[in-house]
Amino acid sequence: MTDLRVVGGDLLPPANEKRNLLSIADLTQGDVERLLATARSFAHSQERDNKKLPTLRGRLILNVFYESSTRTSSSFELAAKRLSADTMTLKAVGSSVDKGESLKDTALTLSAYDPDVIVIRHPEVGAADYVARLTDARVVNAGDGKHQHPTQALLDLYTIREAFGRLDGLQVAIVGDAMHSRVARSLVQALRLVGADAILVGPPALLPEGLAPTSHDISTIADADVVYVLRMQRERMLEGANFVPSLREYTAQWGITPERMREGQRVMHPGPMNRGVEIDARVADSDAALIVDQVRSGLIVRMAVLYDLLTTGPVAVETTVEVA
Amino acid sequence: MLAGRTGTDNIVVRGARVLDPVEGIDATLDVRIDNGVIAQIGENLDTNEHRVIDAAGLTLAPAFIDPHVHLRTPGREDEETIASGTAAAAAGGYCAILAIPNTDPVIDDADVLRGLRARADEEARIPVGFLAAITKGQDGSELTEMAALADAGAAGFTDDGRPVASAGVMRRALQYNAVTGRMIAVHCEEASLTCGGHAHAGTVAAELGLGGWPSLGESLMVARDLDLAGETAQAVHLMHLSARESVDHLRRAHEAGTRATAEATPHHLCLTDEAIRTLDANMKMNPPLRCEDDRAALIDALRDGTIAAIATDHAPHSPEEKDVPFEAAPFGVTGLETSFASLYTYLIEPGVLRLETVLERMSAGPAAIFGLDRPRIVVGAQANLTLIDTAASWRVKVERFHSRSQNSWLLGKRLHSRVRLTIAAGRVVHEL
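Chains D and U, in that order, are what the protein sequence lines are.
Residue 285 in the numbering used here sits at position 285 of the first sequence; the count goes up by one each step and never skips.
One rule links them: number in the numbering used here = place in the second sequence (from 1) + 1000.
Hint data in this document are derived by calculation from the structure and do not stem from the laboratory.
Cβ atoms here follow ideal geometry from the backbone N, Cα and C, with glycine treated the same way.
Treat the hints loosely; a few may be bogus.
[Unchecked claim] To be clear about the criterion: a stretch of chain D counts as covered by chain U if any three or more of its residues have a C-beta under 8 angstroms from a C-beta of chain U, and this derived list gives those stretches:
hint, segment
1, 125-131
2, 198-210
[Claimed, not checked] Some residues of chain D that are not near chain U, with every Cβ distance over 10 angstroms (derived):
hint, residue
3, Ser68
4, Thr70
5, Ser73
6, Glu77
7, Leu78
8, Lys99
9, Asp114
10, Gly165
11, Gly169
12, Arg248
13, Glu249
14, Ala252
15, Gly264
16, Gly276
17, Ala284
18, Asp285
[Unchecked claim] Okay, the calculated beta carbon distance ranges per label pair:
hint, chain 1, residue 1, chain 2, residue 2, range
19, D, Met88, U, Ala1392, 46 to 56 angstroms
20, D, Pro245, U, Asp1227, 24 to 34 angstroms
21, U, Ala1392, D, Ala112, 38 to 48 angstroms
22, D, Arg71, U, Ser1393, 51 to 61 angstroms
23, U, Glu1255, D, Glu101, 50 to 60 angstroms
24, U, Ala1392, D, Pro54, 51 to 61 angstroms
Only chain D is shown next, with the shape it has when bound in the complex:
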């Protein structure tokens, strides 16, 4: 798997039209291959002492976060910096949003700076699509409610490919609250795009129908190459919600323990983890875990996404690739 070979003519991005990354559903298999290949070439650049590339010098990338985030906001900001772009991260707390400014006005205000890319995270489904309609900037969805988180799915694909050397034909069991998870929605679509299979495993009321096969039986994860553990959101446990009777019951039935893992399986988690709830600390810290790899992949995949949206030429980054 050398980098330059996959950068063929059919992998060129579409020329000259404004492109966004709002949903995995907007991508083709070719788009995914191109982005993963670009990310891989950036991986080499990150092994050098000077990790900065001049590629996006003079470009402006705005990160707008209406929800709390550690890894996504930090990795977008670092990705932009590593590509020499100017970047700013705005959080809802401490901004005009606190004063009741609408998403429309915030988007129009920020657009006045002529940003090249707006990266947005927002608690409501459709927020990224909405901002994309308002602005001339390219828009990257960094999570809109329960809808989509496409860069998470891409970094997960990258991580799995690095670990297994392939994606096609792999089985991924996504365990937990898929119903309220944008990570699960994006990942299911992304896995389908590259020929891998997903199954959703968890409490019946937390399994959406129609996305992928489902099971409430935790033993079905034995068939999977990857066990992808979703964060169990404590707000789903509010009294009266009744998705599951209690966190203790959830952990007993669906928590990922060493006993439930099979030899050769790898485990992933989008973070932040609730150790001792959805995942046992012994699993999270084991050699089977790819959780730190996911964070590392997040940086280079987001570099690839920003680079891809702002360039229309071939994605081969010859000067930075050190072909083995």
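Based on the hints, put chain U in the right spot on chain D.
For chain U alone, coordinates are given in the frame of chain D:
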């Protein structure tokens, strides 16, 4: 039961295809209107001193009645007023509408109702009937003074928007409504199944991550209200049906002899939940757009008369409310100015429904349900007519709306057929 002015226009409509499916008229004829009343129907009528409208190539039909309009007055006159809402209705070919009482304040008191009717007498372009609330404040617990409200002119009763949750309260309302003789109209929604729902609980909502509003959330309440109507031997009208299961319940109730009627909206007849994939907030309504099988069930039921009326559920919203991400947007779309054209474009032209069926369900159907005079093309009837150019083609644009709100599910779409003229209660209320 209707407030608003009547007219005494003198008109001859010359050479239209005169089409009144209930009266069995379908011929090219002239219609003469003297003092707002149809005086003569025939060929080559004398014009006297009357205004002559050349209607060659156009279709003259009984004007429409919309039994489900949110006029937003009182309380949200920024979104719609009696004047703007009835102007929008006139532009859509309507000669009368019924307004829903989920306003601020709620129409739950006879004095408030009288005040509103007096305003309508002054402001309304076409006659308006006002439904009153079933329970005080629409809070589902205490019945309004239904007899006093009926005496003050209530056209019926509904808690649309905040449906009566308690079966016991609904049973008492149906029982007591025997006193008023008006219709009780119900928005069927079991809140414990639909809370947090933004779209039909199906594959599209699952993929988009939107909370599901399942068909059962409607049909369970439909079943309850049909059973209550049967048990109390009272009539009930089911508003804006959306799900096949609801239609199935209604058919069974009809077989059992229950006095039940129903309406469907143009958007539920024309669209499915595939339309929400764009995450356009103007595709968000309550009940939500459902799947193709549900749409087919509604069309079948409309065709065979199980669903006897088409209602727009015209629900104006301000741009500040609707120009937001899908999940943040309130439910509701406008419909008065596009209803016939949308049905003509998406259902009549493709041969799914007959023109005659749609005309009947938009006029005689709703009139019969609410006990209103049926618009008809016969000598001696008050002129309530709509003149339609079925060959016209137009694009739906914000600046063309008479409504104060623009939250149409058809923005930017090209529609076929257009209302050229509307005569309501004997006077011309709209012409292009």
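Hints, one by one, checked against the model:
1. 125-131: Check passed, 5 qualifying residues.
2. 198-210: holds (count 3)
3. Ser68: 18 angstroms, holds
4. Thr70: Since the minimum Cβ distance to chain U is about 22 angstroms, Thr70 (chain D) lies beyond 10 angstroms and the statement holds.
5. Ser73: The assertion about Ser73 (chain D) holds, with a minimum of 19 angstroms to chain U.
6. Glu77: 24 angstroms, holds
7. Leu78: 27 angstroms, holds
8. Lys99: 16 angstroms, holds
9. Asp114: 23 angstroms, holds
10. Gly165: Fine: 30 angstroms to the nearest Cβ keeps Gly165 (chain D) off the interface.
11. Gly169: 24 angstroms, holds
12. Arg248: 25 angstroms, holds
13. Glu249: 22 angstroms, holds
14. Ala252: With a cut-off of 10 angstroms, Ala252 (chain D) remains clear of chain U, as the shortest Cβ separation is near 27 angstroms.
15. Gly264: The claim holds: Gly264 (chain D) sits with its nearest Cβ about 31 angstroms from chain U, beyond 10 angstroms.
16. Gly276: 27 angstroms, holds
17. Ala284: 26 angstroms, holds
18. Asp285: 31 angstroms, holds
19. D:Met88 <-> U:Ala1392: 46 to 56 angstroms: 52 angstroms, holds
20. D:Pro245 <-> U:Asp1227: 24 to 34 angstroms: Once the Cβ atoms are compared, 33 angstroms apart, the range 24 to 34 angstroms for Asp1227 (chain U) and Pro245 (chain D) holds.
21. U:Ala1392 <-> D:Ala112: 38 to 48 angstroms: 42 angstroms, holds
22. D:Arg71 <-> U:Ser1393: 51 to 61 angstroms: At 53 angstroms between Cβs, range holds.
23. U:Glu1255 <-> D:Glu101: 50 to 60 angstroms: Holds, at about 57 angstroms.
24. U:Ala1392 <-> D:Pro54: 51 to 61 angstroms: 59 angstroms, holds
Checked against the numbered hints listed earlier, the structure breaks none of them; every hint is satisfied.
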